[in-house]
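2 protein chains.
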Amino acid sequence: MPWATIKMMLVDWLYLAALGIGMALLSMAMDQMIEYMQTFQMLLMTLAGRSGSSGYDYLFTYLSWLGYTELLVICSAMFVHYVAPQAIGSGIPEMKTILRGVILKDYLTFRTLISKVVGLTLSLGSGIPIGKMGPMVHMAAIVANLLSNLAENFEGAYGNESRKAEMLAAGCAVGVACTFSAPVGGVLFSIEVTTMYFSVRNYWRGFFAAACGATVFRILRVIVFKSETTLLAMYQTHFPKDGFEPEELPFFALIGVFAGFLGVLFIAVYRGLVMFLRQNRFAKKFFQKNWIVYPIVVAFIVASITYPRGYGRFLTGRFKFTKTLYDIFSNCTWSKPLYSPESPHGCSSELFGSWMNHEGYGPYNVYIVATLFATTFLFLSALCNTMPIPCGMFMPIFVVGAAYGRLFGEIVSAIFPEGIPGGTDQPIFPGIYAVVGAAALSASITHSVSVAVICCEMTGQYIYIIPLMLAVIIANAVSTYFTPSIYDCIITIKHLPYLPDIPPSNAA
Amino acid sequence: MPWATIKMMLVDWLYLAALGIGMALLSMAMDQMIEYMQTFQMLLMTLAGRSGSSGYDYLFTYLSWLGYTELLVICSAMFVHYVAPQAIGSGIPEMKTILRGVILKDYLTFRTLISKVVGLTLSLGSGIPIGKMGPMVHMAAIVANLLSNLAENFEGAYGNESRKAEMLAAGCAVGVACTFSAPVGGVLFSIEVTTMYFSVRNYWRGFFAAACGATVFRILRVIVFKSETTLLAMYQTHFPKDGFEPEELPFFALIGVFAGFLGVLFIAVYRGLVMFLRQNRFAKKFFQKNWIVYPIVVAFIVASITYPRGYGRFLTGRFKFTKTLYDIFSNCTWSKPLYSPESPHGCSSELFGSWMNHEGYGPYNVYIVATLFATTFLFLSALCNTMPIPCGMFMPIFVVGAAYGRLFGEIVSAIFPEGIPGGTDQPIFPGIYAVVGAAALSASITHSVSVAVICCEMTGQYIYIIPLMLAVIIANAVSTYFTPSIYDCIITIKHLPYLPDIPPSNAA
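Chains as they are written, first to last, in my numbering: chain A, 5 to 512; chain B, 5 to 512.
Extracted from the complex, chain A is given alone in its bound form (with noise of 0.2 Å):
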């Protein structure tokens, strides 16, 4: 191979690995910012309900916790509408768009990106439902957009139209990766999700970036944060290898066509809602005129609903919404009595006390919280994604779908307390059925199948790979039947040029 080949193929994955390394730092200190912000409404709540009495504290600590979010949602919507309102909602539609060769303007610069950036960590620090990885996906696009530019100027070989193509590609995979550190998934995910038909021969340029970019990021955490676990998973579980019967199969099935279902309900919430915004006369009139007044009214109906002290009491008690996931995967029943050494699989008290205990009220029924949290936030979510700020969808549906899958389970621990009839008598563990049902969900309103392994990376265990297939698949096949997928959805709604798909061939 001559020198020249050579030097480009060492710039390509030079390339690549700044790609992958510089979106996990980007990643990163994000994810940093937003912890900060989010601890600082906790302080703020606790100062503000300090004095006394508890009428005034009452009304202090809505007022602080609904001023925060409101501060912080009209921030980034006010950055965005002014720096670059290309950066305003999710990005993997227009990606979509752009990786079938259609030039969207200003989509990709620098300043969409710096946009993007603040305009997310604003929105995500607020506390609202919304997600992190469509955004991710578009910033590390416009990254990989940046590196092409950069070196076209000395190389004339980044010129090349299709070689811009294949970093955007791979950018979009490395967005997935970084947001679950799942480069596996991320791959699959972002081929499926953005792409039509797929050049194999580009699949480890994805592969490698992402590696380098989940690399780095483990790490980082390791050295950064200084967390005990070395190089786990986000949402590392703790099942036991033979965790499932296969008996229960069936029961994973009917998981998958309630999530397909649900999914189709979600798209028709999200549509609707969008559709009624655009097509009532009284809400084109008044929110069109003064655009900043939609987010103030959106970020003032979720702050009020998910107001801790209000109703905010049965949607669980960790602060942070996505981190509620740590206890919906936990590996234990409710319908068993407390943690002890005669009861193993039962719940410990600080887990029953963040869902049934929620600043100082209750207990509640634990069912009934689930229930109200899973079916606020998936509401709630379809809310906030109408929004013109950076938002994701995918995390707060894959929370919700966590939430309902949970709550399958404990109905099926409860029906059945000592396992499947005619299986060994390991009892059933709910926390498989979260997993599940988290990638049912999403993988329902995506329309891709590679979700089942994004949530074996987040968890960091392969066991489950049957039912999550199985459920996925199935959820795919209610929904694809009954509407487009969300991306698609959100390509007719927004009017963004795409060519038709090729008709199936079973319609030769």
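Fair warning: there could be bad hints in the mix.
As the list claims (entries may be wrong) - Derived SDA-like pairs: lysine to any residue, alpha-carbon spacing no greater than 25 Å straight-line: (1) B:11 to A:481; (2) A:11 to B:261; (3) A:11 to B:11; (4) A:168 to B:261; (5) A:11 to B:486; (6) A:168 to B:11; (7) B:11 to A:268; (8) A:11 to B:488.
Because the hints were derived from the structure by calculation, they are not lab data.
With chain A's structure known, arrange chain B on it following the hints.
Using the frame of chain A, we list chain B on its own:
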């Protein structure tokens, strides 16, 4: 959706499920047969060793060992020769050609299927170091093709050429998935190895069929074999969740480099052997005239080398070649004292016995045994794959890579008995190095990155995905630089028709 479309979708799903389940049953039946045949060889050896005189024992056991191997290999070669010689070899290179649109005569007929099933069962039953994956891909593709033809009879849509190609691609995925009961890795590996451009729309098809197959496969293992482990992975490992430190990553990278060069060596040896047979005047004259002589000679060489009381005593204990994987992946350290409550990381004496004291000989140094084992089988599997019988090379290479990785890990462990200085106090786990080595060597030979996923699925653990990806990508980079993949190499050797690759875009 009109009723006709729904019906067609249902039929499609049914066919995919039938494909997956059918192949799982076939794979299981073959495994069972092979198991019986290998147990019988063991029995024969025991019977032959009862003469009372050690000299006669030696002779009789050698003759029975040699005779059994020869018999099965000759039967396999003759069956394949007379029934359908298309069944010879792996099948993956041919599938690659077929999926690019070339029609190879009689490659996908029922006759070839029979020839491949019987031939492969016989050749694997003889215990020579060959694999099952390539032939399984070929068989699954045949089953997929037969199902398509069946459907064509009463439904016009299946006459559609593109539909047939989709079924074939799903077949390839199922073949890989059934061999290792690795549904995700199977789909990815088959995509990487057999196709150039991939329609993402068909992704779920392979996924669905593979999931059906894997589910049935695992459930049957529980029911038929009454294995105490329920839905475990094939080579379930038991490493702790934080089994390696970030400081060990350079070692894993080094494994990648070594594996890359070893892969290049393997492909060169294989190509050299085939070219020698074809070009050497004596070999040409002798073997081409009497086609049955070559397998007889090779089986003689292999049986003599692996004869357990001869040189075979250095080739570790477990009778069946692939079963040594259990020992190689085991979670213990040679360099520590034997397992006891005071030495929790030491190996059990049974495990040591099976490596060091074989057939009453020994004890031999375990490092020397591992080196001899890996090196001998590296060459033997190249040799065996030149025989005119159905055979694959993925599994032997995987085992050889695991042995080299283990050896490397043990050396690291011996150098740093208290773990990497500066990290936590936990010791090195050489089993993790074995898993990484296995993935890296197979990746280097097949030029695929999804081996990392297959590895996770085979071992049922996900903790080492980052070292796996690191080593796999480095091994790929090294071997891609020096040589085409083994499949492309066979395509060239066999003069199969193929379309040239599109030149890489950096050659613009």
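Check: Which hint numbers doesn't this structure obey?
Finding: 3, 4, 6
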